[in-house]
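Chains as they are written, first to last, in the numbering used here: chain A, 558 to 693; chain B, 131 to 511.
Watch out, some of these pointers could steer you wrong.
[Stated by the list, open to error] Okay, derived cross-link-like pairs now, EDC-like style, lysine to aspartate or glutamate, Cα gap no bigger than 20 Å in a straight line: (1) K560/A / E652/A; (2) K181/B / D163/B; (3) K560/A / E265/B; (4) K560/A / E259/B; (5) K191/B / D163/B; (6) K560/A / E604/A.
[What the hints assert, rightly or not] Which residues of chain A face chain B? A few of them, derived with a C-beta cut under 10 Å, are: (7) M558; (8) A692; (9) E693.
[What the hints assert, rightly or not] Residues of chain A clear of chain B, computed beta-carbon distances all greater than 12 Å: (10) T605; (11) N610; (12) V621; (13) G634; (14) V651; (15) E652; (16) E663; (17) V681.
None of these hints come from the bench; they were simulated from the model.
Small disclaimer: the values here were computed from a predicted structure and weren't measured.
Glycine included, each C-beta is placed from N, C-alpha and C at the ideal position.
So the chains spell out like this:
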Amino acid sequence: MAKYLLLKHYRGGPAPVVDIEPMNQWAPGEVDAHVQWMRDFATRLQETGEFVNHQALSPEGTFVRYGGEGRPPVTDGPFAETKDLIAGWLIIDVETYERAIEVAGEYSAAPGPGGEPICEWLEVRPFYGSPPTVAE
Amino acid sequence: MNETLLRELIPAVTGVLVRRGADFATAEDAVQDALLRALATWPTEPPADPKGWLITAAWRKFLDATRAESSRLAREVRVAAEPPPGPTEDTADTLQLYFLCAHPSLTPASAVALTLRAVGGLTTRQIAEAYLVPETTMAQRISRAKRTVSGVRFDELGEVATVLRVLYLVFNEGYSGEVDLADEAIRLTRQVRSMTDDEEASGLHALMLLHHARRAARTTPDSTLVPLAEQDRSRWDTELIAEGVAVLQAALARDRLGEYQVQAAIAALHADAQTVDETDWVQIVEWYDELDRLTDNPVVRLNRAVAVGEADGAQAGLAALEQVDRAVPRYLAVEAYLRERAGDLALAARLYSDAARAATNLAERDHLTRQAARLNGVVRG
């Protein structure tokens, strides 16, 4: 098994294939349907024994760095308009890379306005595993 | 009673329940429940008869579980038919459990999880921890695995090879939390060996012992990887090596060679060398040739190229490498190593950098990055 991070971006990555309004412009029922679909998706992955974790991130972020000996950290931002913005992630533990791609493809089909798949781009990134014991 | 001894009783207890007529999936759940209760209560109230305690607790749990779904009549039939647990049947039951848990219809990860729980006697939480997934996910993986094998007859004979493959995976992968998976794999392989008299079970057991012997020397305390050539051989466990060699020799003497015996023979040759310079690379290459004939595995040909490089020089190693598919994991790392030995430091540094990018685990990535940095330093002067 190998773990993969399915990263959801608000911005960045390839150009969207479906032009979708922000969720706050959707009909309330469409928002509910979307949220329920995401919950059901996680439940299905739990049932297949492939679910590890999912989290959503608040859009506001602050950059922080070391400020020097005895000084407070230096902060910058928050930036509302950075080029890339990470919305959240899903972590899965699957048998093959092909399965990770398959799951990401399904995850991207979450419904939007009119119940149509939003087809958002997801970035699939492998985690490092543990080194095998028998190497020679 | 320590936890390992408790775990050793688990497959026999499941076997007793199945012989009394319980279906495997429900029996296994009932035994897991009894195991959790034993872990909670035995430290303060140790039972006089641990196995009897487990059988009673599991059987009660099984009856509770089936009460809801099966008719009273069926239950009464089962209770009436209850035979005494026969000690002579334990071995056969346990071996059947191994076959079932490694059934070819299961994916490798499912077989590993089911084996660790039903045969290894680990709790779902311990298995989840070892593979870094939530307990609920691991529980589902195990339930699905049990559903997959639900149609398999308990007494259907399986192949030892599939069981060994699963145990090899347990030994080779996983993070090991509270339970040491390498120790667990060795314990289970020893048990399979004692039940089957199979040369390859001995081969795998020897292979594990010989690799386990090097464990203390394989990483620094901060888990930096130490390559075989640089390991402090005084830290190798000579007792484990002696046991591994003895198990291997007994297996080889029966003249039914298999891949685990050959891999163990290679590990034994490394173990035999007091210093890296004393390594008998010529013989190691011969064993790799043997392994190549047995397995047709590109990884074997890659490792063979390393051995050829040591036996006959870097150019010979590079020539052997030309026979290997470049897509094989670690190809770049091996080429980097051989290029450095051949004196092409700049190319080696580039290849080490590329190999680091392609690494699938952090320890290897860091090791390869250090090699690249070292060579870049030399190249810059």
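Do the hints match the structure? See the list:
| no. | hint | verdict |
| --- | --- | --- |
| 1 | K560/A / E652/A | holds (9 Å) |
| 2 | K181/B / D163/B | holds (14 Å) |
| 3 | K560/A / E265/B | holds (16 Å) |
| 4 | K560/A / E259/B | holds (14 Å) |
| 5 | K191/B / D163/B | holds (7 Å) |
| 6 | K560/A / E604/A | holds (17 Å) |
| 7 | M558 | holds (4 Å) |
| 8 | A692 | holds (8 Å) |
| 9 | E693 | holds (6 Å) |
| 10 | T605 | violated (7 Å) |
| 11 | N610 | violated (7 Å) |
| 12 | V621 | holds (24 Å) |
| 13 | G634 | holds (29 Å) |
| 14 | V651 | violated (9 Å) |
| 15 | E652 | violated (5 Å) |
| 16 | E663 | holds (17 Å) |
| 17 | V681 | holds (15 Å) |
When held up to the earlier numbered hints, the structure conflicts with 10, 11, 14, 15 and fits the remainder.
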